[in-house]
Amino acid sequence: MATTDIPSGDARVQQTLRTRRGWSPAGVARALFLGLLALVVLYPLWNILAISLADRSSVIATDRTLWPPTGDAYARAWFNVPFPRYFLNSLIVTGVVTIGNTLTAVLAAYAFARAEFRGREFLFLLIVGTLMIPSHVTLIPNYLTFARWHMLDTHVALILPFLASGFSVFFLRQFMRGIPASLDEAARMDGAGTWMILWTIIVPLSWPAIAVVALFTFMGNWNEFVWPLLTTSSEDMRTVQIGLRYLLRDEGEGATPDWPLVMAGTMITLLPLLVAYLFAERHMIRGITMGSFR
Amino acid sequence: MQRLSPYLYAAPALIVLGLFVYWPILYSVWLSLHRWDFLMPQPQFVGLRNYRIMFESAQFSNALRITALFTIASIPPMLVLALGVAVLIAPPTRPNRVLRSVFFLPTVMSAVAIGVVFDWMMNSEIGTFNTWLRALGLEGVNWLIDPNLAIYSLAMVEVWKQFGYNVVMYAAGLQAIPATVYEAARMDGATPWQRFRDVTFPLVMPTTFFLLILAVINGFQVYTFVEVMTQGGPARGTEVLLFYLIRTGFEGGNVGLGSAIALFLFAFLIALTLLKMLTLGRKVHYGYD
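Protein chains in written order, with our numbering: chain A, 1 to 294; chain B, 295 to 583.
Chain A with its partners taken away, still in its complex shape:
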């Protein structure tokens, strides 16, 4: 069991509980409570999986049996519904946004971390200030902007507004400021210019922070809902989130959803993030807890 260097008071309580072996009533109650809560969190996920593997007709019956499992719903999601198309759209949009957003952030963060220039503080404040601005206020004007450019319902509309973010720039600048300036100096002595220094010194040393920014951007953009809902009108432009929403309730209100199909779609929608969470959960938690100080 790992312990902290500075054990908090509660760590002490836990330790006394543990050393007192033979399961104290408080320890059992604690384990039960936490176990139950973990079940409450995980149950909906299990539900998605179970129903996606069920037979369409048996789900609607009140005395439903979910056995034996069938992959039928996944086959229908992939071949009868344009889910591959939604998935491709999401991959394109989120891929370009993740790369583009990280790139603009690396460039800007480098300037704000290393260069002295007029208006630096003000411009940085402008960038960080965007963290305070709720996205809903930009919906109508941005919609009108893309309408004027005749670019509604295109990938460009889904990508362009997300190519920079205050969080990415801020996070990377904080990190880059921690890299010793003497490294830049040494490289400069060897005749490297600012561009060279960025790519040979700063970027290689910033990988952990760049990874957090990329992961955070990927996650936020994959889950983006309101903007693609408003700007896409054709089925061919839908991302997985929009596709899933229409899978649940298409224009024809009142119809019973095809639940196994819907849940298969949900599973496909969640999959990239669940996989990412499995491998990089600590980085994702750090990115989210840091990102929310706005």
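No wet-lab data here; the hints were simulated from the structure.
Glycine included, every Cβ here is placed at the ideal spot set by N, Cα and C.
Be a bit skeptical, because a hint or two may be false.
[What the hints assert, rightly or not] Cβ-Cβ distance ranges computed for the label pairs, FRET-style:
1) Tyr43/A to Gln338/B: 53 to 61 Å
2) Ala38/A to Gln525/B: 29 to 37 Å
3) Val435/B to Trp46/A: 18 to 26 Å
4) Arg343/B to Ile92/A: 36 to 44 Å
[As the list claims (entries may be wrong)] Just a few of them, taken from the derived set where beta-carbon distance is under 7 Å, the chain A residues facing chain B:
5) Phe117
6) Ile133
7) Leu163
8) Ala164
9) Thr194
10) Thr266
Given the coordinates of chain A, assemble chain B onto it according to the supplied hints.
Same frame as chain A, but now just chain B:
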């Protein structure tokens, strides 16, 4: 050249943010002072009339009330549960880390996916919750169909999604409390409950306040659950502000009134954000070890 280059490096980010964040705010102000739907060729200046229409509209006050209900209903269970769990799993032992990851999982899930699965579970006829209730011999509940209940059902979903984030923030706050403080309390013979009430609770107050304001900020921007699960219904019982804004500005095509609503919500959220920044400063401990 050398003097110009920092601007060139910063330019891509500045241009994107200027074009899609700052310009829209100014444009919104201008739009909110005009009457314009997509059928009219020219926006017509109407002064503050959109704001007057907004404040006199019964739909607006309904949306405000519904949004407040959603926020108020979701905050107490979320914070109480999160603090309780954080106290239990604060020490970074292996099982505690696993639990923390499990509780945090809904935070990274798409709100659409969460809306879909709870739409199933809260389905009155075949949903999970009512199946269980009936198995216990109880009557099913109209989670999403009862106009007076639906908004609270959505608030429950919000608690489910957000509580793990609050646990992680509280756990970070708890770990920053020096062990010596507890030491002193134990010397004075404080019981575990007294230690919680007189040491832990007051010392995580900054975190509580931070999470409270954040929950209000998030609560007032709820949209996806409503759009996926109830579409504002039944009987406008879940028509939150953002849903009303989008219905007015996009489906209704009333761009001026929509912008007025957006700016009202914007002013409210900015005020909260400033309050959070002014009162808290650096007192909150962020991060995750």
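Going down the list of hints, with the structure as the test:
At about 54 Å, the beta-carbon gap between Tyr43/A and Gln338/B stays in the expected band of 53 to 61 Å. Remark: the range hint 29 to 37 Å for Ala38/A to Gln525/B is upheld by a beta-carbon distance near 32 Å. A beta carbon spacing of about 22 Å between Val435/B and Trp46/A agrees with the range 18 to 26 Å that was offered as a hint. Roughly 43 Å separates the CB atoms of Arg343/B and Ile92/A, a value that falls within the hinted 36 to 44 Å.
Taken as an interface hint, Phe117/A checks out: its beta carbon lies about 4 Å from the nearest beta carbon of chain B, inside 7 Å. With a least beta-carbon distance of about 6 Å to chain B, the hint placing Ile133/A at the interface is held under the 7 Å criterion. Among the interface hints, the one on Leu163/A holds; its C-beta lies about 5 Å from the nearest C-beta in chain B, closer than the 7 Å criterion. The criterion of a C-beta within 7 Å of any C-beta in chain B is met by Ala164/A, whose closest approach is roughly 4 Å, and the hint holds.
The interface hint given for Thr194/A is met, as the beta carbon of that residue sits about 6 Å from the closest beta carbon of chain B, less than 7 Å. The interface hint given for Thr266/A holds, since its Cβ lies 5 Å from the closest Cβ of chain B, which is under the 7 Å cut-off.
Checked against the numbered hints above, the structure breaks none of them.
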